[in-house]
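**Q** Chain by chain, the residues:
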Amino acid sequence: MPMAADEIADLIKAALPDAEVTIRDLAGDGDHYAARVVSEAFAGMPRVRQHQLVYRALGGRMGGELHALQLETAVPSNGE
Amino acid sequence: MNDVTSRIDSLVRAKPVVLFMKGTQLFPQCGFSSRAVAILDRLGADYETVDVLQDQEVRQGIKAYSDWPTIPQLYVNGEFVGGSDIMMEMYESGELQQLVEAQAQA
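Chains R and P, in that order, are what the protein sequence lines are. Count the first sequence with our numbering and you get residues 1 to 80, in order. Count the second sequence with our numbering and you get residues 1001 to 1106, in order.
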């Protein structure tokens, strides 16, 4: 069962309440998404840790029911 | 340390740059693995690949090893660097080239 974009965003926001989450459905099939997550929680964290935080928020769905999620993470203050 | 973990431990150290992927360097079986190979080739990196499709134990074990849910996974000097999104970001910023070249000279 593919996941809805809103469901992905809700899971991320539940773990990172301040996060600004933008989800794009890349193929229009509800199975290949790109997410951009901007949160203060990432400050001072290496990229691997930032992505791990998001994957953890998705609670094991990544690589399973969620096949493809291109992930981009950022801290709000880095000049955006 | 269990068998899979110690096996993965030696695989990630087989060469300074190791890519765990689906398929082979010549025939990647997934778009993300294909992108990872393309990045390393573009950098002219000398690297080893491990096809996780040939080994279910490694395919599952590597995810626990790095606490990372997806393949491909890049390791430099035995350290987990990231998946294909992080590789692309680091490629675009020039960081990946620095990292790979530092290994070539070491």
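Calculated directly from the structure, the hints in this document are not laboratory data. Glycine included, C-beta positions come from ideal geometry on N, C-alpha and C. Be aware that a few hints might be false.
[To be verified] To give a feel for the contact side, a few chain R residues facing chain P, derived at Cβ under 8 Å: (1) 47; (2) 52; (3) 63; (4) 72; (5) 75.
[Claimed, not checked] Computed spacing ranges between beta-carbons, pair by pair: (6) P:1014 with R:64: 24 to 30 Å; (7) P:1077 with R:10: 36 to 42 Å; (8) P:1006 with R:17: 36 to 42 Å; (9) P:1004 with R:65: 34 to 40 Å; (10) P:1029 with R:10: 27 to 33 Å.
**Q** Quick one: are residue 1014 (chain P) and residue 64 (chain R) within 24 to 30 Å, going by C-beta?
**A** holds (28 Å)
**Q** A closest beta-carbon separation below 8 Å is what the hint needs, so does residue 52 (chain R) meet it against chain P?
**A** holds (6 Å)
**Q** Using 8 Å as the Cβ threshold, decide whether residue 75 (chain R) counts as touching chain P.
**A** violated (14 Å)
**Q** Assuming the hint says 27 to 33 Å, is it satisfied by the Cβ distance from residue 1029 (chain P) to residue 10 (chain R) or not?
**A** Given range 27 to 33 Å: holds, Cβ gap about 32 Å.
**Q** Just tell me: holds or violated, for the beta carbon distance of residue 1004 (chain P) and residue 65 (chain R) against 34 to 40 Å?
**A** violated (24 Å)
**Q** For the pair residue 1077 (chain P) and residue 10 (chain R), does the Cβ-Cβ distance stay inside 36 to 42 Å?
**A** holds (38 Å)
**Q** Please check whether residue 72 (chain R) passes as an interface residue: C-beta within 8 Å of a C-beta belonging to chain P.
**A** holds (7 Å)
**Q** Closer than 8 Å between Cβ atoms is the bar; does residue 47 (chain R) clear it against chain P? Give me holds or violated.
**A** holds (5 Å)
**Q** So, residue 63 (chain R) near chain P? Judge it on the closest CB pair being under 8 Å.
**A** holds (4 Å)
**Q** Do the beta carbons of residue 1006 (chain P) and residue 17 (chain R) sit within 36 to 42 Å of each other?
**A** Because 40 Å falls inside the window, the suggested range holds.
Of the numbered hints stated above, those contradicted by the structure are hints 5, 9, listed in ascending order.
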